[in-house]
Each structure stands twice: as structure tokens, then as C-alpha cells.
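Participant: Just so you know, the protein sequences line up as chains A, U, Z, R and L, in that order. Heads up: the first sequence at position 285 corresponds to 330 in my numbering, and the numbers run straight through without jumps. Heads up: the second sequence at position 107 corresponds to 152 in my numbering, and the numbers run straight through without jumps. Heads up: the third sequence at position 226 corresponds to 271 in my numbering, and the numbers run straight through without jumps. Heads up: the fourth sequence at position 98 corresponds to 143 in my numbering, and the numbers run straight through without jumps. Heads up: the fifth sequence at position 220 corresponds to 265 in my numbering, and the numbers run straight through without jumps.
Heads up, some of the hints might be wrong.
Note that the list lumps identical chains together, so a pair holds whenever it fits in one copy or between two copies.
[Stated by the list, open to error] No farther apart than 25 angstroms at their CA atoms in a straight line, the calculated lysine-lysine pairs in the BS3-like style are these:
id : residue 1 : residue 2
1  : Lys302    : Lys352
2  : Lys268    : Lys302
3  : Lys333    : Lys224
4  : Lys264    : Lys333
5  : Lys251    : Lys224
6  : Lys251    : Lys352
7  : Lys334    : Lys350
8  : Lys224    : Lys264
9  : Lys350    : Lys333
10 : Lys352    : Lys268
11 : Lys268    : Lys333
12 : Lys350    : Lys263
13 : Lys263    : Lys302
14 : Lys264    : Lys350
15 : Lys352    : Lys333
16 : Lys352    : Lys334
17 : Lys302    : Lys350
Think of the hints as simulated: they come from the structure by calculation, not from any bench.
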Amino acid sequence: MSERVREILSWYRSDNPGTLSNLARLLNHGRLGGTGKLVILPVDQGFEHGPARSFAPNPAGYDPRYHFELALAAGCNAYAAPLGFLEAGAADFAGEIPLILKLNSSDSLSGGTDPCPALTGSVREALRLGCAAIGFTIYPASAARNEMYGQIRALTEEAKAAGLAVVVWSYPRGSGISKEGETAIDVVAYAAQIACQLGAHVVKVKPPTAHIEQSAAKKVFEKERIPIATLADRIRHVVQSAFGGRRITIFSGGEAKETSAILDEIRGIRDGGGFGSIIGRNSFQRPKKEAVEFLATVMDIYAGKTK
Amino acid sequence: MSERVREILSWYRSDNPGTLSNLARLLNHGRLGGTGKLVILPVDQGFEHGPARSFAPNPAGYDPRYHFELALAAGCNAYAAPLGFLEAGAADFAGEIPLILKLNSSDSLSGGTDPCPALTGSVREALRLGCAAIGFTIYPASAARNEMYGQIRALTEEAKAAGLAVVVWSYPRGSGISKEGETAIDVVAYAAQIACQLGAHVVKVKPPTAHIEQSAAKKVFEKERIPIATLADRIRHVVQSAFGGRRITIFSGGEAKETSAILDEIRGIRDGGGFGSIIGRNSFQRPKKEAVEFLATVMDIYAGKTK
Amino acid sequence: MSERVREILSWYRSDNPGTLSNLARLLNHGRLGGTGKLVILPVDQGFEHGPARSFAPNPAGYDPRYHFELALAAGCNAYAAPLGFLEAGAADFAGEIPLILKLNSSDSLSGGTDPCPALTGSVREALRLGCAAIGFTIYPASAARNEMYGQIRALTEEAKAAGLAVVVWSYPRGSGISKEGETAIDVVAYAAQIACQLGAHVVKVKPPTAHIEQSAAKKVFEKERIPIATLADRIRHVVQSAFGGRRITIFSGGEAKETSAILDEIRGIRDGGGFGSIIGRNSFQRPKKEAVEFLATVMDIYAGKTK
Amino acid sequence: MSERVREILSWYRSDNPGTLSNLARLLNHGRLGGTGKLVILPVDQGFEHGPARSFAPNPAGYDPRYHFELALAAGCNAYAAPLGFLEAGAADFAGEIPLILKLNSSDSLSGGTDPCPALTGSVREALRLGCAAIGFTIYPASAARNEMYGQIRALTEEAKAAGLAVVVWSYPRGSGISKEGETAIDVVAYAAQIACQLGAHVVKVKPPTAHIEQSAAKKVFEKERIPIATLADRIRHVVQSAFGGRRITIFSGGEAKETSAILDEIRGIRDGGGFGSIIGRNSFQRPKKEAVEFLATVMDIYAGKTK
Amino acid sequence: MSERVREILSWYRSDNPGTLSNLARLLNHGRLGGTGKLVILPVDQGFEHGPARSFAPNPAGYDPRYHFELALAAGCNAYAAPLGFLEAGAADFAGEIPLILKLNSSDSLSGGTDPCPALTGSVREALRLGCAAIGFTIYPASAARNEMYGQIRALTEEAKAAGLAVVVWSYPRGSGISKEGETAIDVVAYAAQIACQLGAHVVKVKPPTAHIEQSAAKKVFEKERIPIATLADRIRHVVQSAFGGRRITIFSGGEAKETSAILDEIRGIRDGGGFGSIIGRNSFQRPKKEAVEFLATVMDIYAGKTK
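Given only the sequences and the hints, what does the whole structure look like? Please build it.
Facilitator: Given below as C-alpha cells:
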């Protein structure tokens, strides 16, 4: 095991050997294995946005096996998806790539101001399917936050006792903040802190903007002169907010956009000390060959093999 | 076992042998046994619409034994009903036909914009009655969707552990969509995807219209030129949306109508790659002899024995 | 055991021997034992209406032992009451008469449009007190129906596993229907169907009027020419709606009224094929001797010993 | 054991020997031991009204040990209090006096029209602390009654299985009745009936006034000429409403008032056949010596040693 | 063990040896060990206020290990924090300092009039991390109080059975009182009483002002001439309200302020008989050396080593 992976595992010494082993599986798999960086393929868009919006641009993706193959071909650290998608390939690809079972999901057929996903998986299902980790989305700033926090608390306790790792998607959204505030630097850093306090091993947040949402935070940012001008600055603040960098913090890619814009963002994440990315639509909506090349470039940026 | 059934079972390799055996029972029983096609008799209308509206047109149907006999005489793959109806015949017809216990039900004595059925059965009751599968209705687009998704999640986990198969009726309805949207192609395909992601082995949806409900979906349908002109086109999209065709997707018959109109619809489902039909009122509200002949014609269309 | 009781038990072959034995106890006890008819004494009015309104007309009824004695003296098939009333006599009268523990109750000190009784008993309490059956009230057409259906579902599963019988009071009431609709023929028949589908062994409904509440039902009643002119006609439709007569359907007496009017109603129930009555206030609010004579007359009507 | 206690215990023959033993402990302890009468010291006012309002008039009462000592010195049958107060003395006074753990409590820092206390104790805690009984408050006429009835149902089942006795404070209050109705004779009698039906061994209600709250009850009171002119008359009706006098019904003292007024009330309760009193503020807010003398007088009235 | 600690432990004789041992650990650790006084370091501000507002003034605090080190260096009796923060150091600092796991938490990204924290920890997690106690915040006067009281009731039962101590933060807040009332002397004393009645071993409240919030309390304060002019007077009343001083009552420091103002407050708490302080922001937001010196002064005041 590499020194860096040993170092990262040392941050989680309160966890049992089962969980440490699964964290090691995530860190040691694929093209970035051993570097302490991660690129994860998540495919929950079929549930979240519907099948045509997710898979029509690259119809191979309708087939759940495609995403296992893509994650393997690209050398991702792990593949994350809801119950149905994992179940449809878990036996065929058993042992080939670390899996993360998303335990809650939202659809786009109804909604409201204060999101609260449905529970769609469980720790026992994650164990049945051979997963290395559970995934869970919280929406801080939603009026339904207590329900989500209570759920992840119980699931985290169960997952850790079962030797699984815990990955938390922390996306502030709801009546407590403005739309712009969802990616504000103070809010994103706060979202990372909350996920860590709830016991997450890996935290996923969105790349933050320079906007500051809360006036009480604004005063401190100004008084303490916290640098937030560049993306790297802001990533640094978020990583610091995740227990002084002692929790694995990765970033989402967001909506499909120009490849060069994405790669610039990846560089900013890398320069700010981010641990990696979770890249869904920008991966599986491209033709497979193109996606593999794209992901290779992303990983090389993280690995320091390219600028 | 036929090659086609073996192929279908291969899609469910993450399931235990008990569940695979029950899926095989569904696929191998009756006139369509071994073809990979299914026609199921569902009789939940007594609960959903009331006894006179359901059974007065053919009063033999008041007696719960009638529907077991009809399903057997017609060679259906399975018979699905709520607790009371199954219980009233399960001992007398033990082992004669695969049974599906509907675990939730609505009545027509009260209602509201956002439907949420009551839990009226359980996995343990399904086992007690010798069933091959549980059935469950979800209403995506209802504000109560999280409650239903959470229920089916837990029931699915329990059913699969007990070696049962899971059949999900996925009927979008509620404040999230328009009345027309309930059968819109984008919405029906989305409903199939959601049921699959929730872990269903068999998905039942309504035959879709060419209407597109959601603007974000409309853009993709147009950009990717997804064919939806004919019923066969639309069925094909729905089947593709059910994990690239690797989940059994069947279609409901809807309200009683002209026989020729129904048979045309069946042909469209067959031509689009649908796996079969669930036909209630159009079966048990006809005199038995007529119903058996009608169902034979439907099955022959699916089996390719007739146009 | 009489042929008729054997026949009735044959309708419940999916039940275990424990439940069949308790059904047989209900059918074989008392003056109507073996006839397939039942007259049950229910005393839940102390909880539902208050003590003075229930017992002041015949103050002997304040004492819970009185009702055991009355049911025994009159030769009723069973005695049904809430926890406190049964507990106050269950040891003293152990083994003398089949008992039915009512598991939910309402009081008249508060209310609302959509009734939902409180849970006031349990299957374990029914077993502790030596009961033959549990009793439960559902209010179809109440906005709280899902809560009640979910409760009786769970209780039914537990009761059947424990070898108890299940008696369901099915009284449509609430915002889904009009006041007149509560006893409408379509609604009462629907209420019987729902109770049967929920797994009840014995269903109790109110004698229906000729009013038809729901327009969708009205069309069918007219098209299929379902006879509803006389009480016997309507009882026949209700009994048919209870699984073609293969579930025990009994009728409540309702408010205290003239003896001759009650006996006329009993004759109508008998002529329509009803299985018997549950008679509370009309029994225990009379002096004991008078009540015993009255109940004897009722039973003789059911037994065909008198017109 | 006295004949009277044997007689009272005979009313509870459905209970197990553990519960009968604890009922006997309550009836046999203290100055009234063996008479069939009870005077219980309850101290829940610290939680219900706050510390200064409760204990500042006699600051010795801030110390939880004081109330054990007072109950012992006065020869009360039992001492009832919430978890904290009992826990603070249960070990020091183990075995010296029967204890009743109050399982639910309200505070005065917030409120509303329809009261519902918080659960603040459990059967297991009552067992841990060596209690003879659990205590629970229900508020019939509150819109939250179902929650309270459901809680006491479950707690009663658990307590009886564990050999504890059950004492229910039944105080009608809430949007279902008027302020005056809270102590109306019909309502108090109804409250006693409800507590008995819920399975209470000992019922505590307030002394009733001659007001009749519900028109349906008023008709019966007038028609049946139920005497309610004197307090003794009204107590008699309440005791009759508690299963014809076959449940132990005791009465609260209410707010602090003149000693002579209290003693008059005690005489009325005694003359009407009441089983005793629960006296809180009128006991512990007096200096200890005075309180002991006062309680001795009360007990002598119940014992018939004084007028 | 010191006489004073023996005396304090004697107040908790109903607890099992496991809990007594953990209480002793809290009382015997650190600079104040054995004096019966406590100073605890709490760091839940990352969750409650966000990372920058909490840690930017002294960025060493972003790292969870810092707070373990600070609590050790300063000789605090214990360190209290939410799951994530404790987990990130519990293994590294195992056995070095008593830990208190906060089981519920609020964030500042959304809110409302009536606070109710989310459950973010459990007794099993506290045991897994080697904690001596659980911590829990209640908000009396919140409309959600019943939910919090019910939660702490269940957690307290579980914690005591597992041999842990229970620390309750009791902060009146919500629609039941005014803003000024949150620190009113009557309300703070009431909050202490409630926490004690709920079974807390250690109660934390805010230093009270001379304001009296409730008119019913005001009458008593005036009639009984309860002294509340000085902070020491008010502390004395609060301590008395906590079971006559037989429960450990400590006080929070509140917002960061001038050191001299804090020390004056500490002297008032000491003079009124308070058991100590919980000091968060005033500790960890200072440079470490300064914080250690500050805490030493505070402890010396409590220990009587300095005025």
C-alpha cells in the first residue's frame, strides 16, 4: 500500500478493519489507485432525470451493464448507482470494481421547495450486492433536513458496523437559502463540514463560487481575509472545512459542458487540494471511446501526469 | 427450460435461486409458458372500484374461486389479487397457478389529488398463501411518492430475501403532472425506469401516447429524434427505458373497450417488443367461454401464432 | 359438527387449524349453535357514547359481569367488548362463551369529519384474555382510511398466525361520502367487499337503504338491473358482494327502536341470506328477562323456528 | 389480608399474580392499609408548573428526598412522581413505600388548546426503580386523544405483563369540550369509564360539578333522574360509571384552598363511595408537621374514624 | 476519591456502577479533578454555526485533533462534540480524556420559530467511541418539545443501562416564550428542573438574568421574596431548582466577549454554588497558549485558588 493511502487511512483510525479495507479498496482501485486521488462514475440520472434525458444521447447507456464496463475501461476508482442499476450487473461484474449503492433518490416527476429524497436502498442490500460503500444525499437548507440527517445517522451506524464506507453527497438546497447560495463558498464549506460531522468518510460537494450567502459568515470571511478569488482558493477553504483536510472531499462535475471548461475546473480542484471528482453525464453521455479518453485526461490531471 | 427463459433469467443473476425459481414459474406456466411472454389475470377491481361495478356484468365473478378457474382455463401465466381474494382460493387451488399477492390497494370511496394506496398485504402473507410474487402499485408524480417508494424498497428487500419475485405497477398520477401526462411517452418511460431502479423484476405500465409531458424531456426527444409515432415505436422506447430491455415490461389493458381495439393494441405491444399484458376487466367481465377465447387470441398474438 | 358449519368452515381453508377452531367456536356456541347463523352481543357503547347514555336505562349494565351473564342467558354466539370490559369478567367467565376483543375504539368527547378510532387493544391481549376473535372497526370514506386499513392488515396477520378469528365492523363514514351515503346500498356492499379483501372472517355492516351514492355505481345498478327494492333484495346484494356469500356477513341493529320494527328488519336480513345480527343497545338496555326473550325471538327468526 | 382488600383484588382476577401483588402493596401500605381506601402523594408539579411555583412556599420540597419522607411520615399508600424525582430517592428509600412512576408529563412553557403530554418514563424504568405501578395522564376531549390512548394501551399491556399496576389520571380537556365541561358530571363520569375501558386498575378524576356538558347525556340524566345535586351524589355516579364500582376510583384535590373546604370535599367523596384522594400541593406546600396532621385528618375521614 | 466526589456520587445512588464510574471519571479528570467542579470543552459550533465562523479566528481548530489537545492541555474535565469530530480523534486519544458524544445537532442553514435538532448520534456510537457520557439539547418552550423530551427519555434509558452518564443542554427557546424570556430567571430555573426530571445527571443552562417571564411565576417570586438581584443570587435559585442542589448544574459561556466580563460571570456562578462551566468559543477561538491560560484562570476561580 502506498504511503499516501496509509496516511489517508490513518485519519479514519476509529473505524473497524472492515471499513478501513473498503476505504482502501476505493483508494487502490483503477488508474488513480494508490495516489490518494479518486474519480468515481455515478449513474443515478435515470432515476433523477428520467431515461431519455440521461441515455438517449448515448443509447448504450440504457443497458445497466454499460456503466460497469465504462467504469472498468476508464479505470475509475468506483461505480455508484441506485439499487436497480447495481443489481442488474453486480453478479456479472462481481469483484471487478468497487461499488457504491446510493441509498436515497429523487425523481423529477414532482417536487417542491424543500427536497427530501426517498429511501431506495439499504445497508443490507449493499452487503448483498457486494458493495464497498453506501452513498447518501443530504440537502442542507431544506426544511426536511432533520429527516435526512436522522436517516444518514442510522445508516452510517449500520454501515460502519458492517464494515462499509460512507459517501455523502451534500447539496445545500431549499427554503433556507437562495438559488445562488446553493454554490456559495460559505454554504459549500458548511455543507462539507456537516457531512463530516455526520460521520461521512467521503464527502461530495459542488465546486463553490465566490458568492457568500450568509451575512454572519460574510463578516468572518472579511475579517479573517479568507482567500476566495480563484477556484483553487475556494477548494482549499472547502477542503480545510472538511476537518482540516482529514476527510476525503471530492467534487461533482455538474451539467454537461465544454470539455475544456471541465478540465479547467479539474485543475482548480487539484490545485486547491481536492481529492478528486465524481463525473456522471460528462462521462456516460459521450461515446465510450471518447469518454475513456476524457476520463484518462481528468485522472492524469489529478495524478499530476499532465497540467 | 427454453432458451428464451434462460436468457431472461440471466438478466436477474443478482437474485437468489428462490427468486429465480419463482420468476421461472411465472415464465413457464400456461399457454405462453416458455415463450418469454406473459399474460396475467389481475382482479383487484373489487377493492379499487367496488363489487357491483366489477362483478355485476358477469356475476360469477363475485365468487373468488371464479378467477382462479378463469386464469387456469385461459392458461394465464399468473393470477394477481389482494389478500382476501387470494386467501379465499389459495388452499383450494394450491400449486395450480402462480399467484401474485397485491400488497397495497386503493378504494374509490375517498380520494384526492395525490394518491397513496393503503398497505393491505405483506411478504409473510404472500409466503403463507404460497405466492410466487408480490405486487405493488406506485404512483410517481404523487406528492406521496416517497412513502410508496420507501414501502416498496423495504418490501422488495424482504421479498427477495424470501425468494419471491417483485411485480411493480407504475402509474404516474398526482399533482406533479397533468391528466394527459399520465400516459405521455416520456412519463411512462420514466415510470418504467423508476420501477426498475427500485428493484422490480416485472414492471407494469400503461400503453403510452405520443404526448410528451415534460419540456426538458421534449428537447431530448426532438434532438435525439426518438421515434414515437406508432404504438410500437413508443413501446420500444418504454422497453428500452426498462434497462435496455433487460427487465420484463408488461402493459395494462385499461378500461373495457371493443375487442378489436384491444387486439390492435396487443399487436402494437408485441411489435414494440413488449413482454405481455395484464388484462383484468376485459377478461373477467365477459362470460367465461368468451373470456377464454379472447385471452387465447391475445396469447396467440404474443406467441406469434396469429397476426 | 353440523353440515352447515362444515360448509362454512370450508370457505376458510387457507386459515390454520387454530383459526378454524375459533371460527367453529363462534358458530357452535349458544342457541344458534350449528345453524350457521350468529347473534352476537357487543357492548362498546360505554366507550363510544359514555356510561350514562349506555347504562342508565338499565343500571345493571354498569357492572361488566352483567353482559357476560346476559350473553350466556340469551344463548348468544359470542360477546364483544373493549379491553376493560372483557378483562373485568374474562377470568370469572373463562371458557363459558366465545369472546371478541375490540381492538379500536372512539369516544364522543371529540370528533371530526373523518373518523379514526384509537387502538385500545392488541392480539396479545386477546390471547391473554382467552378470546376467540379480534374485532376492529374501519371507516371507509374517511380520509384516515389508510391508517385503519394498515392497522387491521397488521393485526389480521398477527391474529391469524395466533389462531384467532377476525371480525371487522365496516362503517363507511367521512368526507368521501354524504350522510345518506353511509347506508347506501352501493356503499354498504362496497364496505363489505373491502372488509373481505382485507382478510376478515366475519364482516359486520349496517342494513342498507335503497339509496345509491356513487354515480359510477348507479349506472351499473341500472344497467345490470340489480334488485334493491326490498331489504331482502339489498341484503342479498351485500351478501353476494361479500365474496359471493362465502364470508360470514352480519348486520348491526343500529339505534334503539320499536321491537316490531327490529324484528321486521331481522326477517329482511334472514330472507336476504344474512348470517345474523350484532345487537347491542336493543339488548342490554332492556331489563334482563325482557332482553333474553327478545333475543330468543330474534334467534328463532334466524333459525327458521318462527316467521 | 383484610376481607375488603381481598374483595377489591377479586375485581382484578384477569391480572397476573405480579400485578395483584402490587395492587395489594398499594392497598396495604400506610395508615389506610387494609381499609380499601387510599391517599396518594403525587409530586409532578415541578415538571408541570415549574420549581418556584411548586416548592418556594415550602423550600424543603426542592429536595426530592423530602417527598419520600413526607409520604412515609404521613402514612400515604404510595408516592407518585416523574422519573427524575423518583430516581433521586428510589435507592435511599428502597422498599419503604410503594412508588408510582408517572410516564408522561407536560410543562407550562408552551401549550395549546389540545394537550398531549410528552413521554418521560417507561415500564422498564419503573421496574428498574422498584415501582409498584405506572402512572399516565390522558386528556379525553383533546384532539390528540388517539395518541395518548394508543400510548397507554401499549404501556398497559407491557406493565401488566411485567406485574405492575396501572394508575390513569383522566382529565378531559381540549377542543372537544368547554372549560366548564372539564369537571361536568357527565364528562367526569365518561372520563372514568374511558380509563377503565383502557385497562386502568386505579382511576383518578376530578371531583365533578353539577354541570352537564353534552346534550345527549343531559337527556339521559333527566329521563333517568340520575341524582347529581350533592357532591356525594355525583361521586356515586362516577364510581358507578367506573364499572359499577369494581375499579378503584380516586379523586384529585386540585388547587390549594382552605383546609376546611378540602375536608368537606373529602367527606363528599367518602359519602359517595370514592376510594380516596391524591393530594399534592395541599400536602407538600405546607410545613411538614402541618402536612402530616392534615393528611392524618383526611385519612381518618376515609377510615371512618372521624366525621 | 475525594469526600466531595463521594458526596456528589451519593446523589445518584439509583444508577448502576457503570454510570457511577463514568460520572466519577468526569469529576476526577483534569485540573479540577476531585473538587466537585467541572470545566468542559464543547466544540459543536462547526455543525451549529459553520466552519469559518467557528474556526477561521484560530484555524488550528479546523483539525479535529486540535480540540482533544486543547482540552488535555488545559486540564478540562471532558471534551464534548458531535459524531464526526469525536470519531476523528477518539482512537488517537483513546483513554486520555473523558468524551461526551452530542447526540443531536442543529445547523444554521435553515430554521424556524420552534427549534428541534436532528438526531446525529446514538448510545451505541457513544459506546463504540469510548465515551463517558452522552449529550443532548432540549429546547423547552419549543412547540416541538414533546419530540425532544421523548427522544432524550429513550436515550437516557438506553445510556443508563449501558453505564453512561447523561448531560442535558436545556435551552428554553420557541413560540412559548419571548426572546428575553430565554434567559429569564424563572425560565432558566424551570429548564434546569425539567432536565433533572427527565433524568439528566449533569444539566447545562445559561446564566440567568433578573427578568421574570411568566406571570404565575412572578407572583411566587414576589410573595416568597426569592432573591434574584445578583448573578450569584440567581445561580443559587437555579441550583436549588435542580433538585435542591443534588444534581450537577453547569453554565454556558455564551458568545465570545471580553475576558474580564467572562471571569466576572464565572465568579458569580461560583458564588451562587454553580458546579462549573462549559466554554466553547471563548476557548478554541483564542490561540492555544492564551486559551490554556484563560481556562486555567477559570478553573482556579472554581477551585477557590483565586478570587
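Participant: Next, verify each hint and record whether it holds.
Facilitator: Hint-by-hint comparison with the structure:
| no. | hint | verdict |
| --- | --- | --- |
| 1 | Lys302 with Lys352 | within (20 angstroms within a copy, 48 angstroms between copies) |
| 2 | Lys268 with Lys302 | between (36 angstroms within a copy, 17 angstroms between copies) |
| 3 | Lys333 with Lys224 | neither (34 angstroms within a copy, 39 angstroms between copies) |
| 4 | Lys264 with Lys333 | between (48 angstroms within a copy, 23 angstroms between copies) |
| 5 | Lys251 with Lys224 | within (13 angstroms within a copy, 36 angstroms between copies) |
| 6 | Lys251 with Lys352 | within (22 angstroms within a copy, 52 angstroms between copies) |
| 7 | Lys334 with Lys350 | within (20 angstroms within a copy, 43 angstroms between copies) |
| 8 | Lys224 with Lys264 | both (21 angstroms within a copy, 24 angstroms between copies) |
| 9 | Lys350 with Lys333 | within (22 angstroms within a copy, 40 angstroms between copies) |
| 10 | Lys352 with Lys268 | neither (34 angstroms within a copy, 35 angstroms between copies) |
| 11 | Lys268 with Lys333 | between (49 angstroms within a copy, 20 angstroms between copies) |
| 12 | Lys350 with Lys263 | neither (37 angstroms within a copy, 42 angstroms between copies) |
| 13 | Lys263 with Lys302 | between (30 angstroms within a copy, 20 angstroms between copies) |
| 14 | Lys264 with Lys350 | neither (40 angstroms within a copy, 39 angstroms between copies) |
| 15 | Lys352 with Lys333 | within (24 angstroms within a copy, 39 angstroms between copies) |
| 16 | Lys352 with Lys334 | within (22 angstroms within a copy, 42 angstroms between copies) |
| 17 | Lys302 with Lys350 | within (23 angstroms within a copy, 50 angstroms between copies) |
In this structure, the earlier hints numbered 3, 10, 12, 14 are contradicted, and the remaining ones agree with it.
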